[in-house]
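Chain by chain, the residues run as shown.
There are 2 protein chains.
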Amino acid sequence: MAELTELGKNACAAKYILQKLTTEEKNKALDTAANYLCDRQAEILAANESDLENGRRNGMNPGLLDRLKLTSDRIAQIAEGLHQISELPDCIGEVMEHFERPNGLKIDKVRVPLGVIGIIYEARPNVTADAFGLCFKTGNAVILKGGSDAIHSNIAIVRVLQDALDVCKMPRTAVQLIEDTDRAVTAQFMKMKEYVDVLIPRGGAGLIRSVVENSTIPVIETGTGNCHVYVDRDADVDMAVKILMNAKTQRIGVCNACESLVVHRAIRDRFLPKMAETLKTKNVELRGDESTREILLDCIPATEEDYGTEYLDYILSIKTVDSVDEAIAHINRYNTKHSECIVTENVQTAEKFLNEVDAACVYVNASTRFTDGFEFGFGAEIGISTQKLHARGPMGLKELTSYKYKIHGNGQIRG
Amino acid sequence: MAELTELGKNACAAKYILQKLTTEEKNKALDTAANYLCDRQAEILAANESDLENGRRNGMNPGLLDRLKLTSDRIAQIAEGLHQISELPDCIGEVMEHFERPNGLKIDKVRVPLGVIGIIYEARPNVTADAFGLCFKTGNAVILKGGSDAIHSNIAIVRVLQDALDVCKMPRTAVQLIEDTDRAVTAQFMKMKEYVDVLIPRGGAGLIRSVVENSTIPVIETGTGNCHVYVDRDADVDMAVKILMNAKTQRIGVCNACESLVVHRAIRDRFLPKMAETLKTKNVELRGDESTREILLDCIPATEEDYGTEYLDYILSIKTVDSVDEAIAHINRYNTKHSECIVTENVQTAEKFLNEVDAACVYVNASTRFTDGFEFGFGAEIGISTQKLHARGPMGLKELTSYKYKIHGNGQIRG
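Heads up: the sequence lines are chains A and B, in that order. The first sequence runs 1 to 415 under UniProt numbering. The second sequence runs 1 to 415 under UniProt numbering.
Okay, chain A solo, but in the shape it has when bound (with noise of 0.2 Å):
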């Protein structure tokens, strides 16, 4: 444990360096960094290709070897996200508001680096130079913590990285990896508030849960996606069909896609069926409520557990509601307040559903793929946040930040 005091004080004295940076320097650093990468592929593969033969000693499953697995390709692809973080605009230093006050003090609300950010993640080693970038763009130093099956790919990035540092004379532990694998080093990570100012978790439910559950450290949410699409009686038929085919088959496996989809009884006759011999395309198996089971003869009965289920996967579940009351009811009950899409024509529906669906981001006749940090015009994101505090949605750098309030006066004292 006294490697990860070490790794915490470390972060703290960079954080003072980084927070002083110019853009300049930032970028410079950056671009540096994503160079080295790519020149330096060599030893990150022989790195990675012993984590893989490790994966695949212990079974693990294709996915996950997919995710992480790296090629020359997916280097280059990780370079080219550090170079466009290099190439979005610094917002540290931006006055976000000034006032005076009646007594003549000045003040000017500044945004500024959190600090120290600590982010545990799963095995895919493409998380630990992204993190890396939009940390360090916002001034924050970094502590990372990868899933322990792609240990050797990462502790190679991260040398790369900080040699990359070194050459651009800032300081290695602005980036720094807990090499140590063990579980109680984690928890013990969790529990470093005097030296983390924010923890975020990206991963599944499971690890989430888990740092929610264990840690001291401010927490950011990141995640899990229940999404629903609503299929309203005002709908576009052929537009309901076309977006929820998007949003359930667009990626199967990300956090933003389609699970569950709501009906109104009044278009159901022409929707389902419609709706089901296009799913039938990409084999997706539909699990259904008894309404809806009697238009879909074939279609499997929906358990409740059903409908609190992000499957991840070609599953769909189907609730078939009277009114968009009743819908809007359905998606707050069960969603994880991520996405939420109406289709509809009827523009008093629409408002109805924007105001009253409790989620980050709720879309009117658009597939909720949509939420996404690239797609919204914020470049590159963390994760998207579904909890309401600090920030919701797809964090880009700006949620990487804080503010700190600075004053001018000339004496003032309080009467």
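In case anyone wonders, no lab produced these hints; they're calculated from the structure. Take these hints with a grain of salt, some might be off.
According to the in silico footprint, chain B covers these stretches of chain A (three or more CB under 8 Å from chain B) [what the hints assert, rightly or not]:
hint	segment
1	106-117
2	207-219
3	222-231
4	362-370
5	381-393
None of these values were measured; they are calculated from a predicted model. For each residue, glycine too, the CB sits at the ideal point set by N, CA and C.
Start from chain A and add chain B according to the hints.
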């Protein structure tokens, strides 16, 4: 615990009603609640007398008894506070940002309530009405857990508030009190993540630490302030004495009071004697380092512990430094990120201090005592945040809100 779950469910049901209220409806309920508090002060004062009797019987100290005590005047002040909240602008529904994407998606970032707020506080019955007022104006349901020493007062106040809501045809459950004073119930409350969006502890360091360590609900840390005044080599000595005197003694038990003085050695000989003479008029005990004691011969030696202590008393620790860098390092080491002040006529030194000191509010030539919602022009406040996530410094109405993205499309799907 069943009762607690009931409160959580009630609050969640109420939040959907509250988020739809118009400004007029909310203001009317706040004004009615204020009038009810005055009209029904007899029953509140009687309940308060029970608490005071218990307090005296249990040997509660005079300071705490005073904070617990209500009078006709104090109830009038509490009511006036609610009227003031009614007069503040309503920020819910504000479009914070609007942007359009190349694919035609129109995205509005809209201010919304947090949902359900939990407040855990000590035996100050005025917080009961304040917290209700701020949460209600921002469309949030609130669950209160007040100190057990004020339980009768809180029950009486909440009953009056609920009756006022009733007559305005609002849900009584917009404000609920946890009446069970068992500690196990408080522990359970802090885990009610399913129902409560944010938990705000208001009180001393012990209470706040306990909430941070035990809550699974996102917490906004408030409160403790180990605040410094740094008197630079280029300070106006008279201004420095005046600001320090105000920051230290204008009100002694508050979080934005000064606890520690940092002095540049070059101004030490001119500043310290004047400072000591002035603070002596309020009997402030001085605890200084070696260098301080060369000038102030009767000054008590300061220990390491002194520099880390929020006295909330007529005591001041003193540290001498050789540079503004040393001053900044000392402050960043010992402060609680609340409010810090530099007194200097040197613009460069001031900017350096403003940029490099890590605190919610950093002052040049003004007393730390201005860190306060009213002094900032925000109106009433729920507390002073000392964390960097979500809100920093004085937390008024806007800091009790979140946002959601409302996205209008016309059939967009992701490619």
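Review point. Okay, the segment 106-117 of chain A and chain B, do three or more residues pass the C-beta test at under 8 Å?
Key: It holds, with 3 qualifying residues against the three required.
Review point. Counting residues of the segment 207-219 of chain A whose CB is closer than 8 Å to a CB in chain B, do you get three or more?
Key: holds (count 5)
Check your understanding: Can the segment 222-231 of chain A be counted as covered by chain B under the rule of three residues or more with Cβ-Cβ separation shorter than 8 Å?
Key -> Contact hint for the segment 222-231 of chain A vs chain B: violated, 0 residues under 8 Å.
Exercise for review: Three residues minimum, CB to CB under 8 Å: does the segment 381-393 of chain A make the cut for coverage by chain B? Let me know.
Suggested key: holds (count 6)
**Study point:** 8 Å C-beta test of the segment 362-370 of chain A against chain B, three or more residues
**Key:** Per the Cβ count (8), the hint holds.
Hint compliance for this structure: hint 3 is the single one not met.
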